[in-house]
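Line by line, the protein sequences are chains R and D.
Residue 1 is where the first sequence starts when you use the working numbering, and the numbers rise one by one after that.
Residue 327 is where the second sequence starts when you use the working numbering, and the numbers rise one by one after that.
No lab work stands behind these hints: they were computed from the structure.
None of the values given here were measured: they were computed from a predicted structure.
Calculated pairs, EDC-like style, for lysine to aspartate or glutamate (alpha carbon to alpha carbon, straight line, at most 20 Å):
id: 1; chain 1: D; residue 1: Lys526; chain 2: D; residue 2: Asp339
id: 2; chain 1: D; residue 1: Lys531; chain 2: D; residue 2: Asp629
id: 3; chain 1: R; residue 1: Lys205; chain 2: R; residue 2: Asp179
id: 4; chain 1: D; residue 1: Lys650; chain 2: R; residue 2: Asp314
id: 5; chain 1: R; residue 1: Lys205; chain 2: R; residue 2: Asp303
id: 6; chain 1: R; residue 1: Lys110; chain 2: R; residue 2: Asp238
id: 7; chain 1: R; residue 1: Lys324; chain 2: R; residue 2: Glu266
id: 8; chain 1: R; residue 1: Lys200; chain 2: R; residue 2: Glu12
id: 9; chain 1: D; residue 1: Lys526; chain 2: D; residue 2: Asp505
id: 10; chain 1: D; residue 1: Lys423; chain 2: D; residue 2: Asp394
id: 11; chain 1: R; residue 1: Lys324; chain 2: R; residue 2: Asp314
id: 12; chain 1: R; residue 1: Lys148; chain 2: R; residue 2: Glu120
id: 13; chain 1: D; residue 1: Lys436; chain 2: R; residue 2: Asp36
id: 14; chain 1: D; residue 1: Lys650; chain 2: R; residue 2: Glu323
id: 15; chain 1: R; residue 1: Lys97; chain 2: R; residue 2: Glu120
id: 16; chain 1: R; residue 1: Lys324; chain 2: D; residue 2: Glu649
id: 17; chain 1: D; residue 1: Lys436; chain 2: R; residue 2: Asp34
id: 18; chain 1: R; residue 1: Lys324; chain 2: D; residue 2: Asp640
id: 19; chain 1: R; residue 1: Lys200; chain 2: R; residue 2: Asp179
id: 20; chain 1: D; residue 1: Lys650; chain 2: D; residue 2: Glu591
id: 21; chain 1: R; residue 1: Lys110; chain 2: D; residue 2: Asp362
id: 22; chain 1: D; residue 1: Lys531; chain 2: D; residue 2: Glu494
id: 23; chain 1: D; residue 1: Lys628; chain 2: D; residue 2: Asp362
id: 24; chain 1: R; residue 1: Lys110; chain 2: D; residue 2: Asp360
Protein chains: 2
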Amino acid sequence: MANLAPVISDIEDAAIRLRGHACRTPLLNAPLLDADLGRRVFVKAECLQKTGSFKYRGARNAVAALSDAQRAAGVIAFSSGNHAQGVALAAREMGSKAVIIMPADAPELKIANTRALGAEVILYDRDTEDRDEIGGRLSGDRGLTLIKPFDNPQVIAGQGTTGLEIAEQAAAAGLNSADVLICCGGGGLTSGIAIALAGKAPALKPYTVEPEEFDDVARSLATGVIQTNTRRSGSLCDAIVTPSPGQITFPIMAAHCGPGIVVSEEDALRAMAIAFNRLKIVLEPGGAVALAAALFHRTDTKDVIAVASGGNVDAPLFRMALEKYG
Amino acid sequence: MANLAPVISDIEDAAIRLRGHACRTPLLNAPLLDADLGRRVFVKAECLQKTGSFKYRGARNAVAALSDAQRAAGVIAFSSGNHAQGVALAAREMGSKAVIIMPADAPELKIANTRALGAEVILYDRDTEDRDEIGGRLSGDRGLTLIKPFDNPQVIAGQGTTGLEIAEQAAAAGLNSADVLICCGGGGLTSGIAIALAGKAPALKPYTVEPEEFDDVARSLATGVIQTNTRRSGSLCDAIVTPSPGQITFPIMAAHCGPGIVVSEEDALRAMAIAFNRLKIVLEPGGAVALAAALFHRTDTKDVIAVASGGNVDAPLFRMALEKYG
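Using the sequences provided together with the hints, build the complete structure.
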């Protein structure tokens, strides 16, 4: 596939590679929530995926698609979060070796978890060192293959398996037409799901959801040109904050998605509390923005599917969300 | 079936009745948890079932198995908790009418939720009124059918569909032999799963798990005679506290289960925090005792499946568990 956009058969191939490895996460529904809202809301619970987010799907597919020689040499990724854990686990499962470049000020727990999954973690100083330089040098010296977090066709195809499952589960639930709201960072998950739905369930329409002040995708979709965020950090929704959509992902999203939706951090925290009470799942703020959009940003009564992309939240933040909105 | 124990074909019939209605809950696995423990731990996440516990399965099967005339007349149940919500939703979905007898001092939220699911809630005073007298009178006057919480063959068969799914999901995960630990109150879930596993996956061995001081099933299994708890309330694990195992459920458990396991309330709270961190699910204390047994009461390295039976916990208690053990 090189740097071309994946097509539906790439996603179907990914589904075969992931079978027996990725969790087929449930499409949850809570009758009491439907009653509150006056329409049906379904939640694709990717927080229940291995490593706590959808990222494992793309990582596993990308590592599986390498040649034996590439896998034997190892892989490398830059990440302080969910992609790191997905790549680490996928590499370990497939007998490869993962090097993860993380900022030295990343949360201790995330560094420890990534190491516990068998990865070699290399820390760098954000202020004085150049991440790309370190990564480039290591890749060259050791022959490591870079697994980008979203602008990689095999990663997109892996994330797209979420969309194949949504298409099947929606049909089984009698959902023939619905809006599908997706937590969006660089667009790997959204573009993968968009391709899957266009191929398998075209009456399910994808929409991106982002936090306020980090709405690069919404602005890119509105203008037709890739836009960049001014701020790069400082969001509770850190898991889905990226500078801008990808060169591969953006055209896919522009072709398939409706206008981007933007929600506040407070709405994400409220959605976390409702997911706790009504669905019994743990969401991180960035993984809750799609549910927040379904709950608080809709005036019609069309059925909706919210993709809950991850649940890697520390206990103090979760307790705070429950204290405010539980 | 009258009052006879269900057999495997009754559970298979129940699975057909529940198809498209009950959630096929995932069998979750967390590689980091396995690494901590030195063996594989899988969690059957029934907290994700409709209404937040496995109880919906048995209720739906029991209501579905009634005659049209019985369903038209309506059903009645005694419950302050998860069985109430399961019966209320099942009745509403099938065009029946549910009357739920609840103590007047039950939590406001559970009363409100049961009403929101369409049930007629009748409150009684625990000190001055006789629940059975009220129920008997209402049943007689209105021709309502009583849906008992566990000692009912169709309820047991419905709960047993959890075991059919465990057998299929364990095989798909390559789990050929394992201990299956089950949160146990009156034994409806345990006995249903035990019949399903005996028929479909005999190398998966069921065990009951109860909280300390409410270990009537463990003592009954040890002595071969039904034993009763001294205390009837006052446990954080209230969802699985019953006076004694049932006349139908106990012989099934005695025939199939290993020795009963007993865990402390503190271990249940610790398991809730670990389920939050590693599995991204919300468990109530009574729904966490099986996972607690898997985590803290095992010295061997045999693979284990813990059934997480419910997640209906109030936010303040969940926050407390995270504060202590998160």
